[in-house]
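Residue numbers (our numbering), protein chains in the order written: chain A, 219 to 501; chain B, -18 to 331.
To be clear, the hints were calculated from the coordinates, so they are not data collected in a lab.
Beta carbons are placed, not taken as given, at the ideal position from N, Cα and C, and that holds for glycine.
Just so you know, not all the hints are guaranteed correct.
As the list claims (entries may be wrong) - Sample of chain B residues at the chain A side, in silico, Cβ under 8 Å: (1) A4; (2) T20; (3) L189; (4) I206; (5) V211.
Said to hold, decoys possible - Okay, the calculated bits of chain B under chain A, using three or more residues with CB under 8 Å as the criterion: (6) 212 to 225; (7) 273 to 283.
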Amino acid sequence: MSNTNKLKTKMVPVPSHSIVPERDVDKSPILECRHLGIDFGGLHAVQDLNLAIGRTEIAGLIGPNGAGKTTVFNLLTKVYQPTRGTILLDGMDTSGKTTVQINKMGIARTFQNIRLFDNLSVEDNVKIGLHNQNTYSMATGVLRLPKYWRTEKKNHERALELLSIFDMQDMADMKAGSLPYGAQRRLEIVRALATNPKLLLLDEPAAGMNPSETAELMENIVKIRDTFQIAVLLIEHDMNLVMNICEGICVLNFGQVIAKGTPDDIQANPAVIEAYLGKKKEG
Amino acid sequence: MKKFLTNKSTFSNYMTYAGVVIAFIILTIMGEAGGLSSTMKGQLVPVCAYVVMALSLNLTVGVMGELSLGHAGFMSVGAFSGAVVASALQQAIPSDGIRLVIAMVVGAILAGLVGIVIGVPVLRLRGDYLAIVTLAFGEIIKSIVTNLYIGIDAKGLHFSFLNPLEGLEAGGRMIMNGPMGIPGNTKISTFTAGFILIIITLMIIFNLVNSRSGRAIMALRDNRIAAESVGINATKYKMMGFVTSAALAGAAGTLFGMSQNAIIASKFDFNTSILVLVFVVLGGLGRMWGSIIAAAALTILPELLREFSEYRMLIYAIVLILVMLITNNPGLKNLFGKLIPRRKGAAENE
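Extracted from the complex, chain A is given alone in its bound form (with noise of 0.2 Å):
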């Protein structure tokens, strides 16, 4: 997409045999996998996957279908437990982290399948990505006690706020699963944002966008980024989104990586060309 200014950032190898942004460097990644695998009976789903993503990179996972890619994703958020390898957030181990403790520790994502409340209002869907942000107990809110006036007062503007970075907030009232398409893609994205995360996993965000939606978004993305100062990785098939957005890249195919680097690097890189499009026939 011509409107949008591709993004050039230098980046500098890190321990992990990987790279982060050279404005990233001097903080510790907010995500490393190390030799990370998973096997479903005898499938290796993911083998020996190594990646850095610095606090502040945009970073994209590719590769074609059934690369393992959302694999990785249930493998970061523990919806499966990795067979092999260690996952470090922000410096800590997650081995043995349930989704939810997970989801605390700073990591928030989207679906690929889009998964609302799709009988609440979208407010409401934004109110319980912020359940452990503003927390009252049960009694207080049976009893209605002042604490659950204030702590409701700030879920409302918080939740309007979030909204507003796509411009949804006067769709607040409406019911999720309601919404048209592109709207619940992007509800997805400020659910996720409420729960106020260090990183944001995003599963194909522009499946099924049309070009002038999906440049939105790109740029809502770029801008997720700058304010919030979180890091996102993202799931993507639309390669012009990838390639113009995205700072490090890392490829999938079989469930290994097959190339990392830049945007420039991945293109150029010709096991990527192979993967994607085949091998030139021989003689």
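Chain B: place on chain A using the hints.
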């Protein structure tokens, strides 16, 4: 404040409170003026109890999205524990009202504890295990109560299983008598108590649903994976909903039990659980006012149909089928859709 008047769910909640209050006032006046037959008067408290039962089951089925097939079990726990407490305190506390309140609180707490015992293992699982376990629980409670003997004397309460108590001191008496249940029960439930219990139940459910905890419970119902991904502890919030529901059913059980001359365990069997489930489904999942109307109408209906004697249940079944057909009729739905302004969002109490 303006927000609350425009918010449809809050509006529907207030309408529900108003409806209950108006019904209470009308029925009280009719009762005073002699406009109610004695059978109808006798039905007032059981109607209140079934309304609370339906509301509490709606919390489990409609709000939480879990199926419970043994809700009468919690009612049984509440009825028997409440009756035992009320009977034991007869000398100590002469006031019927205070005794009823204490009995209800005990009934609610005990039913809640039983809810915890069931919930701890079951609510960790994904799937319809709660339906299976509560189904068994209803039968287990029935067996336990059928074989339980409780007596009281100067030393306090005595419990025994399987054989009638012997060796009660002079002046002691049996409260619970195994298969005979509690034969000589003093009726202390009043319509006012039933009305207050309905209002308290409504407040607990509405306030819970519109709070952080209630949103978490509904989030788990709509999409468990997404709810866990935003940091909601599934077991904790399912327990919260289920135990609240069980405790309310316990209080309803006490109310019901204290309106009967004799309480027997077979009154709270699988049929009663299904009956309450019918109230909830007919009134609409998650729709509290629907549960109230369905429970009240379907509790009174068999009494009104008494003159048809053996055709009673046949007509009852036909009425159920007609209600289902009519409420799903697209033409009528459209008509109601035009009469009632379309609700935006906030589906928790629709």
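Hint check results:
no. : hint       : in the structure
1   : A4         : violated (24 Å)
2   : T20        : violated (37 Å)
3   : L189       : holds (5 Å)
4   : I206       : holds (6 Å)
5   : V211       : holds (5 Å)
6   : 212 to 225 : holds (count 5)
7   : 273 to 283 : violated (count 0)
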